[in-house]
Each structure stands twice: as structure tokens, then as C-alpha cells.
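There are 2 protein chains.
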Amino acid sequence: MKAAKHTILVLLLLSVFNVSAVLQAQGLPGQMITPGQLNLMPAPVSVQIQAGRLPITGSFNVALKNYSDDRLRGGVVRMLRRLAGRTVLSFPVEMGTEESTATLVIQCERAGDTIPSLNENESYRLEVTDRQARLIAPTVVGALRGLETFLQLLQGDRDGYYLPAIRIQDQPRFPWRGLLIDVGRHYEPMEVLKRNLDAMAAVKLNVFHWHLTEDQGFRVESKKLPKLHTLGSDGLFYTQDQVREIIAYARERGIRVMPEFDIPGHSTSWLVGQPEMGSAPGPFKIERRAGIFEPALDPTREQTYKFLDTFLGEMAALFPDAYMHIGGDENEGKQWDRNPQIQAFMKAKGIKDNHALQAYFNQRVLKILQKHGKKMIGWEEILHPDLPKDAVIHSWRGPASLAEAAKKGYDGILSAGYYIDLIFPASKHYLADPIPANSTLTPEEAKHILGGEATMWGEWVSPETIDSRIWPRTAAIAERLWSPRNVTDVDDMYRRLSVISRQLEDLGLTHEKNYGMLLRRLAGSADPGPLRTLASIIEPVKEYRRYQMRPQTMLSPLTGLVDAARPDSEAARQFAAKVDAFLSDAPRFALHRENLEQILSEWQRASRALGPMIDRSPALQEARPLANNLSVIAAAGLDAISNLAAGDARTPEWRDAHLARLDEAAKPSAALEFVVITSLRKLVIAAAELPQLRSTMQADWKKRDTMMASPQAIPKP
Amino acid sequence: MKAAKHTILVLLLLSVFNVSAVLQAQGLPGQMITPGQLNLMPAPVSVQIQAGRLPITGSFNVALKNYSDDRLRGGVVRMLRRLAGRTVLSFPVEMGTEESTATLVIQCERAGDTIPSLNENESYRLEVTDRQARLIAPTVVGALRGLETFLQLLQGDRDGYYLPAIRIQDQPRFPWRGLLIDVGRHYEPMEVLKRNLDAMAAVKLNVFHWHLTEDQGFRVESKKLPKLHTLGSDGLFYTQDQVREIIAYARERGIRVMPEFDIPGHSTSWLVGQPEMGSAPGPFKIERRAGIFEPALDPTREQTYKFLDTFLGEMAALFPDAYMHIGGDENEGKQWDRNPQIQAFMKAKGIKDNHALQAYFNQRVLKILQKHGKKMIGWEEILHPDLPKDAVIHSWRGPASLAEAAKKGYDGILSAGYYIDLIFPASKHYLADPIPANSTLTPEEAKHILGGEATMWGEWVSPETIDSRIWPRTAAIAERLWSPRNVTDVDDMYRRLSVISRQLEDLGLTHEKNYGMLLRRLAGSADPGPLRTLASIIEPVKEYRRYQMRPQTMLSPLTGLVDAARPDSEAARQFAAKVDAFLSDAPRFALHRENLEQILSEWQRASRALGPMIDRSPALQEARPLANNLSVIAAAGLDAISNLAAGDARTPEWRDAHLARLDEAAKPSAALEFVVITSLRKLVIAAAELPQLRSTMQADWKKRDTMMASPQAIPKP
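Each protein sequence line maps, in turn, to chains Z and G. Position one of the first sequence corresponds to residue 1 (this note's numbering), numbered consecutively onward. Position one of the second sequence corresponds to residue 1 (this note's numbering), numbered consecutively onward.
A couple of the hints might just be wrong.
If you want the footprint, here are the derived chain Z segments under chain G, 3+ residues with CB under 8 Å [said to hold, decoys possible]: (1) 41-55; (2) 81-92; (3) 315-323; (4) 506-515.
Hints in this document: simulated from the structure, not taken from any laboratory. Note that beta-carbon positions come from the ideal geometry of N, C-alpha and C, so glycine has one too.
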């Protein structure tokens, strides 16, 4: 390739995402794009908007300068395809190398690590002027990260598509930014994994944590111990060729693939084909329920370690990543307690309890992993005084226990706060920080905090629904792990998230389109409109209540209304904002009034239409209370608004009657609950207590915030 | 398996789909389901609705009686998964074999052909009583067909899901019912092919015609001649393992896979790697445009036949189907005319023209195919006096030429009338019959008409849009080819088609969900609602006008509004029906008036909202005339309706002014056109000519019908 030599400029990494400050300081003209129009996620370390714009036309082309390879070219081709798809422009076929005429010059210095690693340099600089964009990165991975930012900068107006003139400097806050997908409980086809890898790359995540084994399924082919996957998977497993395909696909996108083989518990599916490794006599059957189960490997017999040496050795050769996750969580040791041989072993060895026995097991496994060149990582149960310092702690309890491990000298990653299967809103995950503001870690200790991972546990996700459980919320987690700590504006996060969410559809993600599909299926031949209205303001119940309220097995269909409804209702958020604005408009109560009344009337219409629809679709019968309550809560809202607008304060009795109805309507049905009740309560209370309006609102909000941050919300793996 | 012996009853196949006749004859009670509530497609040969219903509950189970194998069990598992998905019921895991307690007994006699064939017995009988359903079929393929009917019978009401008690006897009218997918112009990933095979099975199609080579791409791996696919495909080809995977997937569903290798024309991509086979000196490049191109194999050199023997021999071993399609179409022979060696060869052999030269070529190819055990099929250009009678004619000109071939003793299949790439409505395809009512074929000659194939030519389809070009319209073609000839009620077809279309989503088809996705992408961050309103009443221009109006290459993005908009607008059809009903309600003009006014006002609102949206989404700029005209045509409609309702006849000048505006608005933009103009013209003319209303309407309809049936509409492959 003909290309001039170029010296990489020293990256001036600013620690604050202070776009407005920069803008104010420069006093730039009003015509220019404002930071509020940028839709970058994760937010870069530094953004400086300049005057001017770079038009994107049909002659858009790319020049590669200094280093280039197939991985970089592949990334450019994918970027071009997405840019063309979004702009409906046809670009020249050939990739240019002529720097002077290129629209985008990519100036890269080296390949980066052959096997994606924790030490990869992912930094990049992007400079866009009227004339040209220049992406400067030390490694191909840095360039890939920059290409995603490049795409997110695309804007359009009457004059066509363009990028604003801008200077961006960027690098991640944490080197470990992952997404765990549990394919044990429910198998996910290759295309599900691939499109999620594409989405991960789009928001700069860099670790795919492949949770490959569970009580409910053993999902990877073992050529050396084929009974594991043939008997433990219902035929739903990844061949070794497919594993290599996923690893290569991830590597193309600068993403590590770390496998997890969860032992000694969570191992029922292992024991279907290998009952002799169990701590209780078999036979074992693939588990179909959700929960914590007793089967565990027998840590006292040498044949267990011989078996693990064979299996983990085979996997160590298959997965090139430096780390291997051995799970280690939620083994209650009940089978150990009941097994006389195990008890005798503990007594003989002076092992005082099951935790110590598991520590013994972990140390044996650690040696096996070391022999095969892997570093061990496990859930925080593995933490034990004997644990060597090169093991990594994966925390599901919280940043405090992570900090404790860091002080002891262990590296660690955080997943507490990022349990996306618990159906909490993005805002909650967004504000969870691996190193919270009140952290007492020294800078040296803080280096042990490597990052975090969103965890998509697989009990209640199918290939049709999994995207909607991962996206868009995981983009907010990706920002937490990439962007500076002080990027915490929740409203701005949601503004950008809704744009990014739609862009993820370009990559084939189905979180938006399968919503409509699932509702159409439930509506049968009826117009799904009313069902969509209902679904827009309900959410699945949080935490682990779904299973309690609506028990299913791993073989049950995931096609109910609870599967269609999504976490983090945007309609409810907008409704809440309008109610707050309406109430702030006291004593006029005019702001948004008409729109709120329209919305509430639409709920009433939908409620009426849902009756006959449910009659014809028995699958919706479980949602009939919700359909009925939709009308009840709408009536409360309309009543309150009309009284507020008329300036008539209502009696406490009126208020209490409505609040009682709202409380009743707030009770979940079909493992679903309304997420607009708080807003309606505000309206009702305001109508009754016009004078105390403001203090009431504050109290109510406080209560909600307390509820959201309650300690019961702490997730378990 | 424990199962009692059972004698299959003789199938009493009725020739007419006369449900109502049967019902009237039996005088059954009013509570019962009516034929108008059944959503069977294709319509079975005979349906007798009985009194009673079979409840579908969580204890639903299946017993297999007499013969069963993995293919049948796989089909049952897929049916159960779809039934569970639709009903949100969890069924028992194990497949029962106990006939007395099973909800569904499948009584099958034999496997059917090892390799799916033209002679497969696909008949079945389905009997549903209060107590049990019984599916009786001589072969597994017949049972698979019956399982699709079983699923389509599912109904629901306040008492839950059920099947109506019913007796169905069914078998196909034609043994060859195909869908061609052209993966040459645009490559389609494996999952696209698989989900389309699922959809084919759902509507009882049985031939996947895999059009694997084109000027624009050579899509199959040749191990013997690897330059073909490595240089001719941009890396987008199917490995032989993938080919086997598709063949196995199709076979599981009772579908044949017939490959097409289009020669001697349409072969540019072959010549990229094998230029020495060409009729002109190379080098050749993969074609990027749409159209008919000159490159053709050299039919005069022995090395061409040696090459074809190697390649077709390899493919004959890979594809087990009895037939191999050699294309043979649209070779204009321009390279032959210019090649002195070819001209000398023709002179020496006394070959008088290019058609005769191609006939010589075909005979040589036929011998190669015979050597490798395959029957030859080709487009009707291959018909020539010297063509042996065991070649099959594939007609794109029409049933007349097919009948002519049949009279000469050739088997044939029809694709004229089934060119789904031409964007005609389902009704047009539905009424095209391989053996039209006016056919003069003797019954013996008619046996040569084997069936037909819908053809999905690939110029303007991507993995995102192809489903919407194939479905749901191909279900109407499937009915034409399966059901009795006299099943021709277009309204009832559309009623059932809209139900079936939604059910196809269960199989992963994206024709519905990608519509919203493509519109969201075009709308950017704006609310896509107004764009959806516009898109709902426009269609891509018909026939081959898209390329003329909006030229693109095979590398251009297929993400424009023309790609989002779909053939056969349901909204336009409903609007037309309402306008007709409104006008029939003369002189009151009350029927649907309010609803029509609502619709037209919605068009005006959308038109206003589209302006700012287009400003921000330059990809929509080409659609600005449509957005503006949306308001113009709405105004004409509203004006006409208000005058009609007021009983004021308007002047001819008023009428002509509106008609002129409608004519202007009828002109396509962005290769899209409004499909509601005829309805609006009716309203305007009616408002001007109240007295002559009825005759005007008839004239207008006649004109439209003439236009629809115009001879220019005849498609070319």
C-alpha cells in the first residue's frame, strides 16, 4: 500500500466529558450542532465540536494508511454497508488508498494482539473537518472502536447527510467490558450469538462470556468425552467448528470469548452422561426447572480431576482466551453432606466445612487450568484464604465485596448491578459503578477492578425474546464501563439510548421488531393495537418473582404477554415526565393536559377492545385483570386531571377511594405489572391536596427511589 | 412401538371445496363454526364441518400408530412447538404411543420416498371429533401436510383453545409446487433459506428451486473446479456441507431441492474463474448491473463439454433430486455472432441459427445429465424439434405455450403468472392457472402439466426484504397449485391470506416485522407513524420499471422506501372496499363516511408531519413528492365526500381539476406509486355525476381490469 509515514500524536485524554464547557469557552456560532444533538454511546472521553461539516455523499470512500489487514478491511466494509443502509447511498466498490482524496482516512499502526486480550490498546482519535475525517488508532481494535463512533456521528438535514466537524479522543475506563449469555438454560442459535456480538461491538463491549453449561444443558461438543454433550443437551449444543466460528467472529470485532464451565454445582447436565463424577448415585436427568439444584461433582475422588483435566484441557485448546471461568457459585453441598465417603475424606484431610471443601476443589482445578495455560476466574464464592492471587473474582454481591478482594490483591470484575435478567430499568444499571464514588480503594488497589459484565441469565429467554432482554439496556452498562465515571446524566442517557436502540436494528437485533410480532401472535387475527397500548405501560415483574407467580419449565413456550412486554417502559417514562410537568404547571394545570387526557382516553378505548380480543385468544386470559384495570387507572387519572384543571380540591375520601383502586390495580397479574401507578397516584393526591402539592410530590419520589434501591434487589447468579 | 394394526380407509376424494353445500345438506345447528371462520390455506379438497369441538389443553399429546420414523417425529415436535407457542400452553415432554388417550393419533403407513420425488403420495385425511383427532396418511409426507392443516384449524374462545369437529380429505391437484429463489443476484444466508423452507412447508409447497448461478454470482462450492465459486462469488457461496444441510432440512419437510445452473447464457460469473469456456476473449468481471448480458459458454468446443461433465457430474452427486435445471433462457448469442470460430463451426455442421446452436448445446448437456442420472429441465427456449421427450419445459411465457409443449408430449411446469418479483397483487397470481378453464388439452395431455413455481428473482431483494416479496403472496400461488381448480374466490383468499400471513411469523419469517424496521431506519430518530401511513398506500412500481426509474447495482443498499413498501397493499384494498360501499349507499352516502373521513384526515396529518421528517432524513428526499401528494389526494377525497353527503352535484370543471391533480399524483416517485387513486377518482367522478353513478363505476372498473390484464404484464425470467 502506498501511504505516507505518519506519527501518532500523543493522545490528550481528558478525564471529563465536558462538551458544553469546551463549547462555551470557544463561543462558537449558533448554526452549529449542539452536544444535545449528538447521539454517542458510550460517551467518549473528550468531544470538541468544531464549526463546519463533512458531507457524506455517494462518493464517500476510505483510505487505509500505515498498517492495514483483513480484520481492519472487514471492519471498514461492515461500516460502509451500515452507512449505505442508513443513507441509501451507493458507495464506490473499491476501498481507496489515496489519502488526499479520501473522505475517511484510517491511520492505524499495528494489528494489536493476535488473540484479543485484556491488555489491548483500544484507544482512538477521530478528527472530522469540512474536508476529511481522520481516524487515528494505535491498533486495529482501536480503529474498530473509532469506526463505531464515526457511524454514530451521522446526521442529516435538507442538504443531505453529514458528520459535524469534531475532535474526539477516546479510550475505555475499564479493560473488561462484558456480556454473559447463558445458553445452558435455553440454547441460543448461532445467529443469535452473532447478532449480539455485532451489537456488543456497536457499543464497544469487548468480552463475550459464554456460559456454556448449566443444570439444564451442556452446550459444547467434547470430542474426548462425547457423552457430555450428546446426553446432556437434547441435541442442542455447539460443535467445535461452531465454537471456532464464534471465536473468529468475535475476534473480527475485537471481542474476547471467555467460556464458563460451571463446577462443582450447576452440573446436573454433566452428570447425565457422566454419573460416576457425581456426589450422589445417579442416574441423572437434564433439569427442566429453574432454581438451585443439588447435583455436584465429587471433589474427593481423583477420577474427578482426571476427568476435568481431560475436559478442561480439550476446552483450553479450543478457546484461545487467557481466562477460563469455572463458575463455582451456589453449590450448597447437600449431596456432599449426605455422602459418607465425602464426609470421611473431609475428616481425614481436616477439611472443616463445605466451603473449605470447595476451596480444595478450586485449588485442584486451578492447577489443571494453570497446566493448560489458563488463568482462573470464578464467582465470588471461590474467594478463600488459600486462593492464589492470580485467580480473578467475579462479583455478584456488589462493589463492596469486590473492593475487599482488591484490597487482598485479587483482580475482579463486577456483575452485581448488571443483572439484566432481573428486568430493572436501564437507569438502575447505569448508576451501578464498579468503583463507586465512596470507594476507599487506593489508586493502586483500584487497578485490580478490571471492569464488569452484564449477565443475561437464560431461564426466561428464547431466541425470539433474548434480544429484548439484553438491548437496549446493556448499552447503558457499556457506557458505564467505557465512559468516564462522571458521565451519569440519566435523562441524557435515555435520550441517546432510544436512538442507539433503533440503530441496533440495522445489525439484525430483534428487540424492537419481535415486540410487535409477539403481540400479533397473541392477538391472533385481531388488530393488535389495543394490546400494544396495554403492553406499552406494563413490565414483567422484577427480580425472581416471575417464576414464583407463573411457574414454567425450560420446555415451556416463552410466547406469553410477559415475554412480549419489555423492561423499562419508554411510554411510562414519558407519561411520568408529562404528569410531573403538568403538576409543576400549578395552579394553571394546562401543560400537557390535552395530551394526557388523550393518552388516558386511549387506555380506556384499549381496555374496551381487549375484552373481545381476549375472548378469542385464550392465551391472553391471564391478562384479563390488566385489561380491566387499564380502564380503572385511566378513569382515576382523567378524574384527577379534570378536578385539577377546574381547581376543585377533592376530599380525602375521594382520594382514598382512588388510591385503593390504584393499589388494587398495582397488583401483578400474569407476572406483569403496571409501571404508571406512581404517576397516577401523584395526580390523585394532587387533586385532593392542592395546597401541599409540592411536598407530597417530593415524598412520593423519595419513596420510589428508596424502593428502587432496596437491598432485596441484590441479584444472585 | 406398541400400536394396533389399522387398515387405511379408501380416500373419498371429492373434486369440489363445497363446504357450504355439505353444511346445508346436513342442516347443522347454528352454534357451530361456519366455513367463513376457517382459515385453511391451501383449501383442502373436501371439508365437512361436524358438530362439536376438541379442546386443546396443557395435556395435549400425540400417539404415533403403525409406521413412524425420525422425520415424522421431527415434524410432530415442530408442530407441538408451534402449537405451544400460539397457545402458551406447556405440553408433556414425551410423545405418547397410547392411542386411546392421545389427543391426536397419527396413523401413517410408510416412510414415502427416500429422496423426495414427484411421485410422492402427499394425501392425508384428518378427522376431528369431541374426543380425539386422527390424522391418516399413507406416507410421512402426507402426514406432514396434514399436520399443517391441523395447526391451521386451531381456534379459541372464552372456553379455551379447540379444533372444530371436522372431516377433511385432501391431496394436491399438481405434484410440482415450487418456489424459485435466485441467490445469484443477491446471496441469501442459510437462515433465510431455512425459514423460507419452513414457510413453504406451511402452505404445502414441495419444490425448492435453487437458482444458484447468475451473471452476478456463482453461489455453490465446486471442489473440482474451485475457481468457479472462489472467483465468481465475492466469497458469498454455499459450501457443499451447507448444500447438504439445506437438502436435509428440506427433506425433513417433504420438499425437493432442485438446483439450477443457468447455461449457456447468464454465465458471466462462471467465466470470471474459467474465461477459457467463454465465447469471447476474457477477462470477465462479476456483473453488477441488472439486465441481460452477452457472456455465454462456447458451445462449439469439446473442452466446454468436458468442463460441464466435470462440474455437472459433481453437482449431480451433491443434489439427490431426479431433476437438474439448466436454465437456457435469454441467451441472445451476440458473442456467438462475433466469434469466427463459432461461425465456422455452425457453417461446417449446417447449424442455421443461434437457436439451433443452442439446441445442439442442450442436446450435449442432456447427454451429460443422463450420464449422471438426471432428468433435464430448462426454460422454454430449450424447446426445439430435436429436444428429446424426457426433457421438462419450464414456461415463463404462459399456459398456452405450456399446452403446446404438452401436446407435443413434453412435461412442463408454469411460472408465467407467478413472477412474484414483478410486485403484482396476490389476486393476479391467484387466478393464473397452469390449465386454464379454456384449455383444449385432453385429460391425457393435461397430465403433462406437472404444476408451477413462484419465481423470486433476486435483483432487488436483500436478506432483510426477500420475505416480504415472497410472502404472503406465494401462499395464494400455493393454493392455486394444491387446491381444486374451482377454488377461486378472491375475497375469501384475501381473508384467509391475512391470517396465514401472520401465522408465518411464528416460523421466523420477517415480511411483517421488517416492514416496521425498515420504516424506523428511514425515519431516523423521528416517530415513524406518518411514514407508515404513507407506506401503507403506496406500492413499488410493477414489472421491470423499478430499475428504469431508479437504477441501482447489485451492490447498492436495498433500504429505501421502495424496499420498505410492500406489494399488494391491504390498506388500499380496504379503502377501495369502503369507497365502493359508501358509493353504493347512494343517495344517503352514510355508510363508512365517518371512517373514510378519518382515514383521509390521517393522510393529511401524515403529509404535514412528513415534511420535517424528510428534512432530517435525506434518504427520504426522493419520496417528498409522495408526501406532498398524500395531502393532495386526501383533499380531493374529502371534498368529494362532503359534496356527496350534502347531495351537491359538482361541475365538470370541478371534477376535471381534481382528476388532473389525481393524475399528477398518480405518477410514480422514488419508484413508488399510490394504489388508492382509482378509489379517489371514483369519489370525484361520483360527486360530479351523481345521476350516472352506477354506469360510471362500472366503466371505471372495466378500465382497471383491462389495465391489470394488459399483455405488457407478461413477465420474463
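Closer than 8 Å Cβ to Cβ for three or more residues is the test here. Does the segment 81-92 of chain Z pass it with chain G? holds (count 8)
Taking a Cβ-to-Cβ distance below 8 Å as contact, does the segment 41-55 of chain Z have at least three residues touching chain G? violated (count 0)
Would you check chain G against the segment 315-323 of chain Z, counting CB to CB pairs closer than 8 Å, and say if three or more residues qualify? Violated: only 0 residues of the segment 315-323 of chain Z have a Cβ under 8 Å from chain G.
If you look at each residue in the segment 506-515 of chain Z, do at least three have a Cβ nearer than 8 Å to any Cβ of chain G? holds (count 5)
Violated hints, in rising order: 1, 3; the structure is consistent with all others.
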